[in-house]
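Trainee: Please work from the sequences and hints to get the whole structure.
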Amino acid sequence: MSHEIRTPINAIVGMVHLLHQTPLSDKQTEYLAAIDTSAVSLLQLINDILDFSKIEAGKLQLEEKYFSIKQVVQELINTIQFKAIEKNIGLIIDIDERVPAAVSGDQLRLNQILLNLISNAIKFTQNGEIKVAVRLIDYVDEKARIYFSVKDTGIGISSEKLNTIFESFTQANADTTRVYGGTGLGLAIVKKLIDMLQGAIMVKSKPGEGSEFIFEIDFKVAPEIVAQETAQKAGENDIPDVGSCKLLLADDHPINQLVTSEILKLTWPDIVVEIANDGKEVLEKLQTSIYDIILMDVQMPEMNGLDATRAIRKMISPASGIPILAFTAYATTGEAEKCLAAGMDDYVSKPVSPHILTKKITDLLKKSGYKFPKGGEKRAPKPVSQQIDLNYFNIMTGGDRDLQLKMMEIMMEETPAELALLQQHLNAQNWDGIRAVAHKMKSGIQYLGLTDVLHLVKDIELSAKEKTNLDLLPEKINTVVLSCEPALSQLKLAFEKIQQQ
Amino acid sequence: MKDKQYRIFLVDDDTKHLIMLKNHLEKKSEYDIKVNIFSNGENCLDKMHENPHIVILDYYLDGIKTDAANGLEILKKIRATNPDTYVIMMSGQDDLKVAIATIDHGAYDYIIKGESAYVRAQMIIDHIIENINNLEWKRNMKIRETALVTGFILLGCVLVALALYDMGMFD
Chain F
801 MSHEIRTPIN AIVGMVHLLH QTPLSDKQTE YLAAIDTSAV SLLQLINDIL DFSKIEAGKL
861 QLEEKYFSIK QVVQELINTI QFKAIEKNIG LIIDIDERVP AAVSGDQLRL NQILLNLISN
921 AIKFTQNGEI KVAVRLIDYV DEKARIYFSV KDTGIGISSE KLNTIFESFT QANADTTRVY
981 GGTGLGLAIV KKLIDMLQGA IMVKSKPGEG SEFIFEIDFK VAPEIVAQET AQKAGENDIP
1041 DVGSCKLLLA DDHPINQLVT SEILKLTWPD IVVEIANDGK EVLEKLQTSI YDIILMDVQM
1101 PEMNGLDATR AIRKMISPAS GIPILAFTAY ATTGEAEKCL AAGMDDYVSK PVSPHILTKK
1161 ITDLLKKSGY KFPKGGEKRA PKPVSQQIDL NYFNIMTGGD RDLQLKMMEI MMEETPAELA
1221 LLQQHLNAQN WDGIRAVAHK MKSGIQYLGL TDVLHLVKDI ELSAKEKTNL DLLPEKINTV
1281 VLSCEPALSQ LKLAFEKIQQ Q
Chain R
1156 MKDKQYRIFL VDDDTKHLIM LKNHLEKKSE YDIKVNIFSN GENCLDKMHE NPHIVILDYY
1216 LDGIKTDAAN GLEILKKIRA TNPDTYVIMM SGQDDLKVAI ATIDHGAYDY IIKGESAYVR
1276 AQMIIDHIIE NINNLEWKRN MKIRETALVT GFILLGCVLV ALALYDMGMF D
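Top line first, the protein sequences correspond to chains F and R. For the first sequence, the working numbering gives the first residue as 801, with consecutive numbering after it. For the second sequence, the working numbering gives the first residue as 1156, with consecutive numbering after it.
Treat the hints as calculated values from the structure; they're not laboratory data. Only a predicted model underlies this, so the values are computations on that prediction, with no experimental measurement involved. Note that the Cβ used here is the ideal one computed from N, Cα and C, for glycine as well. It is possible that part of the hints are untrue.
Stated by the list, open to error - Partial pick of chain R residues on the chain F-facing surface, computed with a CB cut under 10 Å:
1) D1169
2) I1174
3) D1217
4) M1278
Mentor: In structure tokens, the structure reads:
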């Protein structure tokens, strides 16, 4: 069925492209563009509907394969980043370090869900930023519950529409389709997929302020060996941090300058990018400053990239050996060879893919013996963090000030009592009592964002319940008590701050 | 939709959880919901004569009162005294098996605690309320149906009587 519909539409799209190559009047070009847009959106609609009906009919099979969540998110962002850069909005990823390196599940579906949500976020955001967060929430019995959030500063959804946005063919506003396009099936598909993966999704939104889509899915955590392999595979594509590398960007086009430096800064926040508007400026800048690498556009006024490169290579100074990466719009028509012949080290073709650009820069820097900042490798086991993080708490209380104050009051009052009770039960060797108190403490510790402590408390609960490793309990309980005390004083400060507002 | 109030009893030994879930259910639902909270099952049983529509029960309830009965025991008692009340069980991820087992004892559904618990609770409750409303509607329809049938029979009798009268049977 799917094939029968897709083939003719693909043919239409293809024919339109061919027709574009033939001599046409202005009017004809205009009409053709309209046909093209309609055909492409029809194709998108059909893909969506087929997807949707497959899910509805229960024909969509879930895959069980090992993969790295971090890699899926990273690659997705790489492919979609250009859209955000085009609209001049930020796209930020924030992945919890504790997210397991490899999990088992359906990578394709996760990708589809995230792609849908992130493209939506970009589509409906005019300025500001989109934040994609991935967190580990729960890790019990080889099962990790992962929390994903896609938050934008877009147009938002009114509260009465929030209930229906996951229904098919619904967009927040009748005008939405006209202004923003789309089929209204994206979120319905997302919802169905998440249901299939036995997760849950919720949405928070305020019109004019933005929306946040949050979903949680349980994944089986892969055994250690698989995790190492997957991490290694992911590592091959991993871009190392270049630290405060100094890069000279030669491009005469202001928008290209902006886009390229944005791409670079998103990957490497510490990178220093200086701009030269043509080949002559490059030579001038090299006289006065030292750079680690040059990105050079081939087409520039005054002095083009090829001439500039030849001049640099002839210079009598250490700068003559600087790595030069060419930007070219015509990589296929022999220009690439010209670049290499002129003395450039490598080239990337326009439009630039962020992933390829950063990868090539990394490769050239490695070749030139650039000193990468250390770190990011193996870190020493972290001490138990006592720093509270009220992010989760704020999400859960939805910014409701009264609720926040009430909850904080309860936590400040109950936690010390619970800690005392924990020690009391320990002294009396009342394991069941320890189990009950530890169980009850978990929610509060989670609200405070004390993830290390949370793990400890879960451990204590399990060990008291199954009466295993009881000899380690005193030490563990002691750590929890010691970590909670500073956390509670931070909570008090946060409480007072909200009170004053 | 806010024409009828639905009452929910929420039982958990974790005060934070009680407050958060109560807040969520009362504020986020499209229905008019009133939530009463209890920190143990015994207190909830004392109030069961008020006949709440729904009870949400945590499995472990001994965090404060050490000899408190667990959720399963409370569930059994509620099922005995209030068979029409929907009971939803709640548990942590690690007690999942316990929670699923409660379905066999008459729990309507179960919720795993965590971030999605609030959304899930709301979905289950909306579903239950729809059920309640449907049942009520069906009951009303039944009454109307009976009234209609009785009406037709009476009308039939009158028509027959008229026909007989016409034929001069009563002369």
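Trainee: Run through the hints listed earlier and report the numbers of any the structure violates, in increasing order.
Mentor: none
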